[in-house]
Structures are given as structure tokens and as C-alpha cells.
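Enquirer: Each chain, letter by letter, is given below.
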Amino acid sequence: MSKFKWLIAMLCALSLFAAACGSDDAAVVESAEETAEEAEDAVDEAVEEAEEAVEEADEANEEADEAVEEVEEAEEVATVDGCGANSPDDTPGLDKEAGTLTIGTSQPFTGRASTAGEGLVGGVILAVEDINARGGIDGCTFELVWEDDRFEIEQMVTNVRKMIEEDGVWGFVATAGSQAIPSTYPAIEGAGTPLWGPVSPADQDIQQVYLTNSTRTEQGRICIDYFAEQGVTKVAAIGQDNELGVEAFNAIEIQAPIHGMEIVAQEEVEVLSDLVAPAVLAVIESEAEGVLTALDGTQNALVMDQFFEAGFSPLMCSDQGSAGAGGQTAVGLANPEASDGYLGALQGSLTDSADPFVQNWAELWEAYDGPGSETPSLNFSLQTFSIATAFFELMDRLDGNYAYDNFHAAAETLGDNPILVPSMPPIACGPLPGGHSCAAGAGIAVYNAFEDPDGDGAGTWVQVRDFQAPAN
Amino acid sequence: MSTTETSAPDRPLYPPKPGGWRRHQTFISSFGIFAVLAVLPWFPLLAFTGTFDTGNDFGAGNMAFVFAFAAAAVGFNLLVGYSGTLGLAHAGLFALGAYGTAILTAPAECLDFDTCDPVVREASSGYGWPFFVALPLVCVAAAIIGIVVGFPAARLKGFFLAIATLALGELIVTIIRLDDDVWSGLKTNGGTGKQVPIFRFWGAGPVTSAYYMALGALIITFIGYVILTERRLGRTLKAVRDTEIATGPIGISATYYKLVAFGLAAFSASLAGAAWAQNSAFVNPASFRTRLLVFLLVVLIVGGLGRLWGPLIGAVFFVYLRQELQSTQKLLFLLIGIALILTVLILPDGFASVPDRIRDSRWAQDLRKRFKSVGVK
Amino acid sequence: MDQLLQQIVAGLEAGSYYSLIGLAIVVIMKSTDVPNFAMAEMGLVAAYVAWWLSDDAEVGLPFALAIIIGLVFAAAFGAVTQFLLVRPLTGLSNQPLAVFSSLAFGFVMIDQIRERGLPAFIDWIPGLGGGYPTPIAVLLSIALVPISYFILRKWVKKLDVIDHFPLLLLTIGLNFALGSIIENLWSSTPQRFEAPWSGETFNVGDTRIGVDQLISISMGAAIALILAAFFRSKWGVRMRAIAEDGSTARMLGINAGAVSLIAWALGTSVAGAAMILNTSSTVLELGSAEGLILKGFIAAVLGGFVSLPGTFAGGLIVGVAEAVVGGQISTSLQPTMALLIVVAVLLISPGGLSREAKLREV
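Protein chains in written order, with the working numbering: chain D, 1 to 472; chain C, 1 to 377; chain A, 1 to 362.
Next comes chain D alone, as it looks inside the complex (with noise of 0.2 Å):
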């Protein structure tokens, strides 16, 4: 089109040359006009094919156009009926005929953690449908398989192997609370199926294994940051005779004498047993003034109780699990002057926190009434549907080739774009050794069992420090 413009542009140029140039003689000025009436018909004949060519040009422009919208639209096409196009055809989980994706996860919906389970089932399955009402990721929706372990070895291991052989899973998605998780390693490692989720006990050494929020180690230590910042010298500790307990006797052993703190006591409590009395008065005795515990809810508040009772005040915290921090299944069974102040570690956002994305959670959760939704415990489901976010938005990185090699590549090379879920600290996983820890930090929140502004007959839980790394 431009050459068109370029003649066009040449030839009045010439005729103004002509024009310019002529001479003053008649004839000259005769053949001139001449001249220049048969440039100007050949203009106008260039004009008018100029015209026409740009109208072609036009034309073909147009067919263009439609050529590439009819590419784009090709395109588009081939990627929501071909969900995964990018992916090897023999990817499991990967239905690309239906457009789906099948990922499985095993939480204790019943059995003695079943006060964890059930909402932690739950935000699995809220995030689920969720992403799926939104259109899925890359023309991909999601089918989730769920199962119940009971927190027993033999069925953790027996809900795993079904799942990849029988239901044929891409990867486990915020497989939680269960500490048999390591039974399923062969399995999961001969199958190279992916687990994404908090594990527990950590271990960093798997490749298929991804620990997307702190340990309980972490959180002890952070716990023990808080109290060096609110200037406890004494610390003592009280844990189950199970790895809960040695992870918090790990973080005070580690923790304490970066702060120059004296471990006064470290006790421990029979699983399922109320007897708490020895451990308290242990510590009572030990003067500590800072108290890390790692028990279950109600063993706390036993403890909280018995602190209360002695008329002992230290600062107590303990895991999120632990806590049941954002929810009552501790604070809620003692006595409210007993239980004022306890704190809590945070791997994730309280329930009640104004950000937009526990909002949005929040509306969900109300709407939501299929397993799991009738738990008190929210905070265990924001856990699992923040986990399940994050897992989703990876997803969404891959741009449709879900085949494991790519997706561990970009689940380690997250540290230099981690994923940003808003009720979560940064997600930064990197390669191995050690770098499937991908979520250091976690916050701390105190219990105001006094403070009721929703009404509701129980206390609330205020965050008041921010996610943060252990000190070194």
C-alpha cells in the first residue's frame, strides 16, 4: 500500500517538477498541459488504481484479520477442549477427551483428629469447586478424590495406594494432620506422584514432597522470639510423648539460647491422658515465665486451667495445631481468666482477618455445606483452602503441561516469584536438598477471651505479629 502512496506521491512530484519546470514557451506550455493533462489522467488512472489496489489491499487486509481471529479462535478452542494440550498424553490424572484434572487428598475426617479433619476436609473441597466455578485453570477443571485416614498408618497408606492406582491422581493436595505421611513415600516416589501440602513430620529430602507451611519446630521458635521481644528469661516446655513433643523441645533447645533464655523445664504428657497435674506443677515449680506447650486442645486447656488455679501467670503458646489458634478446640474448654492471653503460632491468616481473600473465603465457607462444613474449627478449613489456592495458582504456571518435570521445575524456581496467597507467608520452594520447605515464617496471635464483638459467646483471636522467619 505504501508503494501505491510512494508513486502517487512520486508523480505528483513529478507533475509539480513539470509544472515547476516548464518554460515560458507556448508550445513547451502546450505540450506541457499536454503533457500534464496526460500525467493528470495518468494520475488519475494511478489514483484509481491506487485506489483499487488499496481496496484489494483493504480486502486482503481484512481476510487477514479474519485468518488470524480465525487462528485465535482455533487456538482457544484447542485449549479448552484440549486441557493440558501441552501435556504428555500419558500424564496421570489428566482426562484431556473431559477436560480434567483428578487430584486426590487424605485428611482424618474421623478418628481421635477429627476435630482438625473435618475442616480441613472441607476447605480441600470448598477450593475445589470453587476454582471450578470460576472456569478451572487453562481449560482445566478439577476432580478431587478424598479419603479418611483415621490418622492411622495402615489406612494412610492404603487410602494413597488407591488413590494413584484405582482413581489414578496427578498429585495429593493439602494432605494434612496426618504423621504417617511417610509410609506413603515408596508409593508416592515410585509413582513420582506429587504431594503438596503441610507435612508432617518434615522431611525435605523426598522430590515429590513439597512442605508449603512452617513446621511445628518453626513455630516453637517463633513462639520463643515472641517471648524474648516480650522479655521472658525462663522457658519451659511441655509435649506429648509423641514427635509432637520432640519438635517443641527441638525449637526451645535451638531457640532459647540464641536469646540467652534458661530452659527451667521441659515435661511430658501421656497421649489421650488428662493426667496434666505432673507436668504443671512441674513447671510451676521451675518459675518459668514462658511456657511452650505441644498437647492437644483439650490437654491445654487442662493446663491453662491449672496454671489459672496455682495462680500462675507465664506467657503460653504453643503450634497452630496445637492452639487451635482462630478457633476454640483449646481456648474454648477452659475457663476464659484461664485462657486470656494464650497464644498461638499462625501458619495462616485468622478467619476473621478484613483481608479480601479470607473474605471471599469466609462467603464461601457459608454457603458451603457439603463434608466437613458443619465443624466449628474454621481455622483449620482456611488452612487447607489457602494450601489449595496456592497449589492451583502453580497449576496455573505450568500453561497446560502438567507433566511432573515441569512441574517440579516450576515449583523449584519459585523463590524468585513465589506465590503470593494473601493468607499465607510466601510460598518459595526450591530445588534440593532442603529447599521443598518452601513457607518459612509464621505469626503469632493472643486470645482476647474477654473481647466478644461478634456476640458469640466466645472470646476472639487478635494476630499481633506479623509472619515472620525464626531469628538465627
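Worth double-checking, as some hints may not be accurate.
Using 20 Å as the maximum straight-line C-alpha spacing, the simulated SDA-like pairs for lysine to any residue come out as follows [as the list claims (entries may be wrong)]:
| id | chain 1 | residue 1 | chain 2 | residue 2 |
| --- | --- | --- | --- | --- |
| 1 | C | K330 | A | L353 |
| 2 | C | K238 | C | G216 |
| 3 | C | K330 | A | M109 |
| 4 | D | K96 | D | N86 |
| 5 | A | K154 | C | I338 |
| 6 | A | K154 | C | K238 |
| 7 | A | K154 | C | S353 |
| 8 | C | K330 | A | T189 |
| 9 | A | K154 | C | I223 |
| 10 | D | K96 | D | N401 |
| 11 | C | K330 | D | E165 |
| 12 | A | K234 | A | A258 |
| 13 | A | K154 | C | I346 |
| 14 | A | K154 | C | R357 |
| 15 | D | K96 | D | E52 |
| 16 | A | K154 | A | K234 |
| 17 | C | K157 | A | H164 |
| 18 | C | K157 | A | L353 |
| 19 | C | K157 | A | L65 |
| 20 | C | K369 | C | P355 |
| 21 | C | K157 | A | I341 |
| 22 | A | K154 | A | F100 |
| 23 | C | K330 | A | Q191 |
| 24 | D | K96 | D | V47 |
| 25 | C | K330 | D | G370 |
Worth flagging that the hints you see were computed from the coordinates, not collected in a lab.
Start from chain D and add chains C and A according to the hints.
Expert: Showing chains C and A alone in chain D's frame:
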């Protein structure tokens, strides 16, 4: 067995054994059944059940759990069913087998990221022994501990013995859990639990290996049970069970034979525990508490106390029920409880007693009479 | 050392629960010779009922009334269990069981029809659904009720000799079922069981004692005394007679069935009292019974399975030892104390602590 001179030398001491193939009935039927079980991973004949579809890891893993429970129950059967001695330390001895092999075969600690691949932290470290060196050692050690546990049997009877042995079994598990405080040399990793290194058979997958490990444990304990109960030891144990008072004067020390039974039961429990650990890949003290003993009792009683096939039938019943009813979630144990209650009300002697009940029932007797009267044998 | 008194009090409190459950076990052992593995769980059901009645957010009855109803419920529950489940296995009629089960089956069916609707229900019945026209399917479903009645009637074996293992399995199954029932009726959330004296304490010298501790200890002792008196009464003597020599006792005209019924009612209400005291002092949750049953059996063993004072003392000894050793030496040793005590005692005295215990053959 030598025949002694009696006043009626032509009257045999024991009833004559049946001739022909009936004599080896037990051997033939058990060989057949175990042969079928051995080839199940290649020919998933039970695939229709879903739970026992041995064509994949899920079904094979479930069958491996069945075999492990059955192997433990066989030893339990010898002690409780056959010799009538209420030794309830079985869960603790099971734990010994699981933890013992896990600790002895775990690789040695290796923390340097550059030289060690993979890195072995203290929590998952052990002594690095080969599996089939550790296994017999652990089982023999467990047998010795089982005999020690059985010492109270000399003076205790019935429920007292039951509670005493139950307490000793729990004590074993508690000691395992206390490790870090009491003596760290045991490397049990206390209450956290320990990863179990899985022994692979010639390149087979972990679950297939666990399957054959458990099946092997079952076959060994089963053969042991058959041999012991059909030989003199078995008859002596039965005598001790039935008429203990009478055995003393004829020179049979009831205590000695009870201790032998304890040792054998402990051996099979630890063998089964080691096989179970191979399947679970992770051991944790919480798995071995009284709850496990209750499950073993269920397996034993539902299958049939004192009966040869009781343990296997009971194990199949229990694992199948527990897995099939998974989807009922909160109702799972209600349905299991109801199933157990109904089973015990209708078949108090267990499933393995069904052939006997049919044979002894009135209509079967009528049938036999009819056949006889017609002249058919 | 100044903590010692405190620890002893805590130990006495925990020990009271152990001994009460142990007493309940012994009461039932004395009459029906059944080791009731579900004893603590049955008591827990009664505790949940009492809580549900007394809690302000639920029914909200006055505390004392709720407790009384709870205990009456426990007695009734024990009696019903004996009537339906234990009688067939102890040589008595299986008729009540057959009737109850088929009726229960019928109720479950009606409930499922209500919930799912008739067509969905018919599809849900394995083997009946699909292919059958509706009226036939409905008739078949209804027919299941009398069919199950006749099956149970014919096939539930009436044992002549009390066989311990089937009875043990029965109580194990009951334990599983009750745990699940509690979870379904009241959810798995732990609850605060508020008593009028919750949280109150008083001081004896330097030692601080909770009122709930005092009540638990004194109620435990009171119940033990009541039971001891009962066993000297007419019914108690009958119970002991049945336990000593059942056939002779029956020949003398003692109604074994009635004795057994009363024993179960009594035992379950004692267990109910134990769990009510326990959960109002600590927390009411699903797992409250799990740790107690083993310690209850230990207490019963220490009492030789026959002696009430021995059981009571045994439970207290275990509780105090746990608390004192746990407090004075190391809390890690706490879980081992009960186990060590029972093994040590039995090795020294094979019949338990009581002098009147005799060695029993199983």
C-alpha cells in the same frame, strides 16, 4: 512315639490315622491354597472384590496386610486357642518385630550432602544390616522376650495372666516410645516413628515385595502351627490346656510347655510384625497399642479359635470389611461393631467352624442317614 | 517436696476414676463372668446424655436432675444390653434379640425411605434394586423384617456353657459401635461439662485442692461403700452365689437372668458415675473412655476380680503412683507406672491384693 507295654497290647494308644489321600488332607488343601495365593499378583483372580485386586498396588497391599495379620493370628492361635493360655502381649511382640527389623536394617547416619546420596538423618538412621540377617535375629530375640513375658504364667491363671501379659506388651511399646529419653542407643526415634527401609525381591516393586514377605511369614507360621499341633508338642499342649492338673503327675511340666508356646507365639508375632512394617513403610508406637491387640483378637475369634484356617479367614473378613466400609466414614465402626456382634451371636466359634456346624447339624445328619439306608457310602 | 501433697491429690482423683471403672467391671464379672471391654464406653454414653441434658446450649436442665437422669439412663442401658445381647450367649433365650433386631431393621428401613425417597431407596438395596417393579420391591423390603427375625431366632446359638471369647468379642463389637454412635449423635468436638463447682478451689495449708477433685474422690469412696453394702444385701448374696456356683444357685431357686440383669444395670450406672465425674472434671470428648478401660481392668485385677475393696484400693494406688512418680521423678515415666504396678503385684501375689481372691480357671 514308642509304644509302651500295657495290659492290652493290641489296643492302640491313638485312633488309627485314615488311609489314602485323607491322611494328607491338610497338606494338600493348604498347599493348594497357598499356591493360589502365591500367583495372585500375576492372575488377579480376586479382582472382582475391588479391595483384593492384586493386579495393582492397592489390592496387593491389602492382601499383604491380610497375610501379616493372619501370620500374627496363627501364633496367637497357638497360644490362646490351642494351648488355652491367655497371653495378650502379642501387640508388643508384633511391635518388636516391626521396630527391630526397621532399626537394624536402616542405613547408617550420613549427613554430608556432598558425599551421601541420599542423606540419612539421625531420625531415620540405624545399623545398616542386611534384611535377612536382621530378621531371624529379631525373631529369635522376640521369642526369648516372649518366654520372659510368659514367666508369670507359672503362677497366674486366666484373666490375671491376661492382664499381666497385656501390661507387659504395653510396656514394650512404652519403652520403644521412651527411647530418646531413656537410652538413645536404641534409635527408635521415640514417639515420632521411623521410616522402614523396604527390602525388594529381585527388582520387584515395594508392594509386591511386601506381599511376598507377608505371604512367606504366613506360610512359615502356618507350617509351624500344623507341625506342632499334629506332633507330640501339640498333643501335649492340648493336654495341658484341657486337664492341667492331671499333667503334673505324669511328668509333663505344664509350665515348660506353656513357655514353649509363649516363645513360639512371640516368634510368629515378630515375624508378622516385620512383614507388616515392610508393607506400611513407617512404624510409629501409636500403631501398636491395645487397639492392635483388639484387632488381633477380633481376627482370631471371628475366624475361629483353635482352628487351622481361622486366622486367615478372620484376617480376610476384617481387612475386607474395614476397607469396603470406608466410604461410610462416620458409620464405619458402627457397622463393624454390628457385624462383629452378629457374627459372634450366630457363629460363636468363628467362621472356620461352619463346616463342622453343617456336618453336625440336623439336616446333614438326616442326609447321611438317608444315604446309608439307600446303601450308598 | 511441697508439691507432693498436690500430686497425691491429683493422683487420688485420677485413681478414683480407675477404681470406679474397675468396680463396674467387677460387678459384672461377679454375676455374668464377662470381661466387659465396653464398660468405660457405656459409661461415656451416659455421661454424654447427662451433659446434653444439663448444658445450657442444649436441653438446659438443672445439673442435679441431669445427673440423676443420666444415671438412670445408664442403668437402663446396661439392663437392655444384657437383655438383648448377653442373654443368648449365656444360655438364655434369643427371642428378645430377634424381636429387637428385626424391629430396628424395620425402623432403619423406614428412616432410609424417608430420607432418600422410595425409588432411590429401592435402588439402594443390594440385590433388590433395579429391574423389580416397585410393588414387588416394596413387598420384598417389608418381608426382610420377619425374615431377619426368623434368621436370628433360628441361628443365634444359645450356648450352654459360658464361653469367654465370644462374650469378649461381643463387648469389643459393642465398644466399636458405641464409639461410632456417640460421634454421630454428638459430633467429635470436645465439650465442657459444667458442674456447679467447676473451677472452684480451696486451700489446705499450702496445697490447693479443686472442689471437683474432692467430689470425685469422695463420690468414688461413697460408691464403693454402697456397692460393698449392696453385696451384703439379698440381691448381692444372690449375685455372689451365681458367680461361685451357678448351677447350684439356680437349683436353689435363684433367677440367674434377673440377677444378671441387675448386675449389668448396677455396673453400668457405676461406670456412668465414673465417666460423669471424670468428664465434668476434665473434658467431655470421644476419647475419654479409651485410656480408662485398660486402667479399669488393672484395678479390677489388683482386686482379684472379686474383691471390691481390693479393686478400689488398687485403682487409687495406681493413680497416686502415676502422679507422684510422674511429678517427683520424671513425667516420661508416668505411662509406665500402671503397667509396672500390675505386673509387680501379680508376680508377688498371683490373686491380686485381696486375701479372699481365689485362683480362677478360665
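Enquirer: Does each hint hold? Answer for all of them.
Expert: Do the hints match the structure? See the list:
1. C:K330 to A:L353: Not satisfied, since the Cα-Cα distance of roughly 42 Å exceeds 20 Å.
2. C:K238 to C:G216: Roughly 27 Å separates the two Cα atoms, so the pair is violated.
3. C:K330 to A:M109: Judged against 20 Å, a Cα distance of about 19 Å means the pair holds.
4. D:K96 to D:N86: Holds. K96 (chain D) to N86 (chain D) sits at ~10 Å (cutoff 20 Å).
5. A:K154 to C:I338: This hinted pair holds, its Cα atoms lying about 18 Å apart.
6. A:K154 to C:K238: violated, 32 Å
7. A:K154 to C:S353: Judged against 20 Å, a Cα distance of about 17 Å means the pair holds.
8. C:K330 to A:T189: With Cα atoms ~14 Å apart, K330 (chain C) and T189 (chain A) stay inside 20 Å; holds.
9. A:K154 to C:I223: violated, 37 Å
10. D:K96 to D:N401: Status holds; Cα separation ~12 Å.
11. C:K330 to D:E165: violated, 25 Å
12. A:K234 to A:A258: Satisfied, since the Cα-Cα distance of roughly 13 Å is no more than 20 Å.
13. A:K154 to C:I346: This hinted pair holds, its Cα atoms lying about 9 Å apart.
14. A:K154 to C:R357: This hinted pair holds, its Cα atoms lying about 14 Å apart.
15. D:K96 to D:E52: Cα-Cα ~49 Å, so violated.
16. A:K154 to A:K234: Given pair K154 (chain A), K234 (chain A) is violated - Cα atoms ~37 Å apart, limit 20 Å.
17. C:K157 to A:H164: holds, 14 Å
18. C:K157 to A:L353: holds, 15 Å
19. C:K157 to A:L65: violated, 44 Å
20. C:K369 to C:P355: Holds, because 18 Å separates the two Cα atoms, which is no more than 20 Å.
21. C:K157 to A:I341: holds, 18 Å
22. A:K154 to A:F100: holds, 15 Å
23. C:K330 to A:Q191: holds, 19 Å
24. D:K96 to D:V47: It is violated: about 55 Å lies between the C-alpha atoms, which goes past 20 Å.
25. C:K330 to D:G370: Answer holds: K330 (chain C) to G370 (chain D) is near 14 Å, not above 20 Å.
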